[in-house]
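Engineer: So the sequence lines, in the order shown, correspond to chains L and E.
The C-terminal position of the first sequence is numbered 628 in numbering that gives the first Met the number 0, with every residue numbered one higher than the one before it.
The C-terminal position of the second sequence is numbered 303 in numbering that gives the first Met the number 0, with every residue numbered one higher than the one before it.
Among the hints, erroneous ones may be present.
[As the list claims (entries may be wrong)] Only part of the chain E face toward chain L is listed, based on derived beta-carbon distances under 10 Å:
(1) Leu13
(2) Met18
(3) Ala26
(4) Pro54
(5) His106
(6) Arg165
(7) Glu167
(8) Trp169
(9) Tyr172
(10) Ser188
(11) Tyr211
[Said to hold, decoys possible] Computed spacing ranges between beta-carbons, pair by pair:
(12) E/Phe104 with L/Leu166: 50 to 56 Å
(13) E/Ala155 with L/Lys186: 32 to 38 Å
(14) E/Asp262 with L/Gly268: 49 to 55 Å
(15) E/Gly107 with L/Gly373: 55 to 61 Å
(16) L/Lys186 with E/Ser265: 52 to 58 Å
(17) L/Glu520 with E/Ala155: 36 to 42 Å
(18) L/Val266 with E/Asp262: 54 to 60 Å
(19) E/Ala163 with L/Glu520: 34 to 40 Å
(20) E/His110 with L/Val246: 42 to 48 Å
(21) L/Glu308 with E/Ala75: 57 to 63 Å
(22) L/Ala291 with E/Asp125: 50 to 56 Å
[What the hints assert, rightly or not] Among chain L residues calculated to face chain E with C-beta under 10 Å, some are:
(23) Leu286
(24) Arg288
(25) Tyr489
(26) Val496
Hints are computed from structural coordinates only; laboratory data are not their basis.
None of these values were measured; they are calculated from a predicted model.
No residue lacks a Cβ here, since even glycine has one placed at the ideal position from N, Cα and C.
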Amino acid sequence: MSRGAGSRKDVASKDGAKFPSTLRFVLCGGVDDGKSTLIGRILYECRQVFADQVRAVEEDSRRYGTQGDAPDLALLLDGLRDERRQGITIDVAYRSFETARRRFIVADAPGHEQYTRNMATGTSTADLAVVMADARKGILPQTGRHTRIAAMFGVHHFVLAVNKMDLVQWDRDAFESIDAAYRTMAKEIGVSRVVSAPVSALTGDNLRRRSPHTPWYAGPTLLEHLETVEVGRPAVQRPFRMPVQYVNRPDPDFRGYCGRIATGEVVTGDRVRIEPAGTVAEVESILARRAARDGAARGDSVTLTLRPEVDVIRGDVIAAAGDPLEAADQLRARVLWMGDEPMAAGRSYRMRLHTHEVDAWVTRIRHRVDVSDGSELAAERLELNDLGVVNLATRRPVPFAPFAQSRALGGFILIDRLTNATVGAGTIMFSLMRAANLKWRDFSVTRDKRAEMKRQRARCLWLTGLSASGKSTLADLLERRLASEGRHTYLLDGDNVRHGLNRDLGFTETDRVENIRRVSEVARLMVDAGLVVIVSFISPFQSERDFARGLFKPGDFMEIFVDAPIEVCARRDPKGLYAKARRGEIRNFTGVDSAYERPERPDLRLDTEKLSPEECVDLVMRALGSGHG
Amino acid sequence: MGTSRLNHHWSAALKSEAMSIIREGVAAAARPVMLYSIGKDSSVLLHLAREAFWPAPLPMPLLHVDTTWKFREMIAFRDRVAAEADIEMVVHTNRQGVDDGVTPFTHGSAHYTEVMKTVALRQALDAGRYDMIFVGARRDEEKSRAKERVFSLRDAAHQWDPRAQRPELWDLYNARLNPGESLRVSPLSNWSETDIWRYIAQEEIPIVPLYYAAARPVVERRGQLIMVDDERMPLELGETPAQRHVRFRTLGCYPLTAAVESDADSLEAVIAETLAADHSEREGRLIDHDGEASMELKKRDGYF
């Protein structure tokens with residue numbers, strides 16, 4: 000094995016016991032731009048590859064290598080078996096290496112278009128992006144895609160590595176025209192800090208070693224630049240904010256608030272405000288196991304105690320009292336969609352923003368962004384790997400900062416409520432003023448007061464089930480029974496509501512979600528008015544039924560599953576809809592060409608195949624029980 | 000705010016990141032546990048976890064999978080840790096494997112590892128119904144680990160599917176689980192071997208003395224130095240244990256863990272030697288060499 004240019008010894012000579020500064024960067028490029036080769040070469044040149052690893056690569060190269068007899072350094076990175084077989088990187092890999100000046104963590108992000116989400120993942124923790132271009136091909140649509148995504152996920156510093164310069168005979172004009180084209184594009188995206196370098200990953204020219212072939216290039220080698228570039232934002236440039244991760248309560252006498260400081264710094268005695276509650280307290284101490292400290296700053300994981308004791312829970316943000324944090328429930332955000340199922344307006348998701356978790360849904364997709372050229376396109380939904388700008392609503396106001404001010408307080412993910420998969424990643428742009436100015440007002444005549452006057456408990460009975468499962472029949476019978484007992488009721492029927500309130504909505508998934516949203520809100524107002532509300536709606540998706548449930552107090556919402564097998568419903572088919580759907584005359588018909596998600600945990604299940612309508616209503620009345628009166 | 004009011008910017012980012020990951024995991028967990036291998040990474044992880052929850056005691060037990068073939072010095076060290084006031088140490092051995100007489104000498108390293116480590120770990124995790132399992136894994140250890148998430152999802156059979164990993168953005172970890180699923184959480188993901196040693200030096204963290212060079216009885220077998228830790232080790236024809244100055248870069252079952260010749264008998268010397276090393280630490284782990292992509296296969300099966 001030949002030795003690389005550097006020596007690990009010069010790292011050792013530099014006070015090895017001290018932690019050096021770390022630069023995290025992401026490497027972006029297309030499939031054949033040579034990303035893995037570049038990193039493999041840098042590791043090799045920095046003597047960060049061990050002899051046994053090189054031996055393993057030499058062995059692997061004979062089987063999978065693309066470089067003839069020479070060791071294929073890309074194999075140092077392509078870790079997973081499948082990708083070694085295919086010769087491509089399919090996921091983000093993180094590698095550390097160290098030189099005398101700095102420690103590096105590099106995320107190797109894949110170049111495939113369909114793997115945008117991995118690229119976003121790798122980028123989200125990077126301070127700098129190295130974007131690769133092939134000297135023979137110049138700037139490609141994917142170059143714009145990578146730069147745009149990296150900028151969206153918070154990277155400010157870019158390096159353009161024009162690779163394979165050996166294949167264009169180190170042509171200065173080729174390099175300079177690619178450099179100029181990239182700068183023009185970067186400027187459009189809003190990226191100003193760009194350094195370009197002509198390199199060859201295969202030969203190592205201008206990576207660590209200055210190339211003899213580019214006397215015309217005066218800039219730094221790639222590694223020189225990475226070793227010296229200043230990316231750190233000063234710790235104190237922003238006011239103090241710390242999302243609370245964990246409330247430490249080993250015994251009744253101690254209450255510590257654990258978290259990682261997102262921005263600013265804190266010293267004991269500082270006055271802080273707990274968001275979103277708005278209570279104010281003073282920092283009593285900043286704990287560490289060996290000794291209490293008098294201060295801490297951005298990036299530090301700490302435990303704070305406050306004086307006086309106030310209520311703080313996970314998801315709150317402890318912020319400088321003089322510079323409070325914004326909270327809002329209506330937000331404008333960029334979203335990158337990563338789920339296999341498309342994102343539709345109205346669907347509810349779990350939103351995770353710093354340590355705060357809340358139900359959220361998109362109220363409007365403003366537009367989709369073509370990440371190759373930045374153009375804005377109309378869109379009804381966001382598909383996998385789509386990037387869009389949306390209006391977002393959250394069930395409660397969430398404390399946040401715009402992403403441009405703080406990655407830690409403005410970046411969020413969306414989680415599917417059924418599968419728990421991470422399906423979206425987004426960045427908050429700003430709050431929609433609407434929410435900040437419109438406050439829910441509590442009036443003196445309350446819901447309970449109104450219900451009490453009617454001598455009843457107000458609730459929402461939500462009947463879900465396939466078309467022709469018996470919902471309307473049961474709803475009608477149930478309302479008659481309740482009325483006969485002197486209850487004040489109202490029946491919201493799917494078909495009837497579509498004649499009026501929801502006349503403007505069709506049957507696409509997006510429209511159906513909006514349909515449900517409006518009905519849920521109306522039902523809530525009616526429960527607030529003290530009524531027993533019966534909703535008879537197919538409502539095929541659990542997430543929407545959960546959304547409806549979330550609008551009510553626990554116990555005020557009863558999900559009743561009107562259950563009959565689809566064959567039975569199709570046989571009943573009073574409106575002839577199943578027959579039409581099967582002939583293709585109706586599209587998006589639940590149970591035929593559109594899914595019905597059976598309730599996972601309904602409050603009540605009525606088997607209308609086995610039970611008579613009267614028996615079903617008896618069951619509902621029994622379930623309403625004493626709480627009913 | 001203008002300039003900093005602090006005299007010093009304390010702590011390495013790595014330490015704060017690890018503490019934050021540990022707190023996230025515990026905040027989301029129903030039954031957290033920390034896998035304790037007795038090695039240097041475990042020592043660092045334990046130290047960081049104590050730091051994260053201080054002044055409260057550690058909010059989870061430690062779990063050690065005992066293959067019965069660990070170095071004696073490791074077990075003595077483990078028992079000292081277990082005796083400390085804030086520690087609940089759960090030790091599990093695959094009794095069936097012991098009864099079947101499975102040893103590294105009789106059954107080969109692949110089968111032995113499967114029975115005494117992988118299966119044993121699954122047994123222990125099932126018995127404890129743990130949902131959040133903290134491990135001391137680092138991405139720089141081995142190629143397939145470089146791609147693993149900090150919060151890595153396992154199905155009910157503890158299997159890892161590299162194609163079904165959740166995207167992990169910023170420091171937002173999705174720790175939500177469906178019934179039966181669990182997460183392997185690696186707070187030391189971004190640490191390097193050198194970082195571990197620097198931190199041990201900085202914080203004066205106790206480690207098993209086998210990491211320091213000393214005269215130890217070893218035999219040379221197929222190019223590797225194997226320590227004769229007890230009388231169970233069958234000597235091959237012509238082998239005589241000789242006292243040589245050796246230390247271990249990684250610790251495991253003594254028949255499967257090769258020593259390196261070294262004079263590094265202090266932390267400073269070990270750090271200098273690590274920085275100057277020509278070979279990766281895992282080279283001393285004989286099970287990694289069972290076959291191409293062997294670690295990834297073991298992981299898919301639930302080996303950590």
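Engineer: Could you tell me which of the hints above the structure violates, numbers in ascending order?
Structural biologist: 5, 11, 13, 18, 21, 22, 25 and 26
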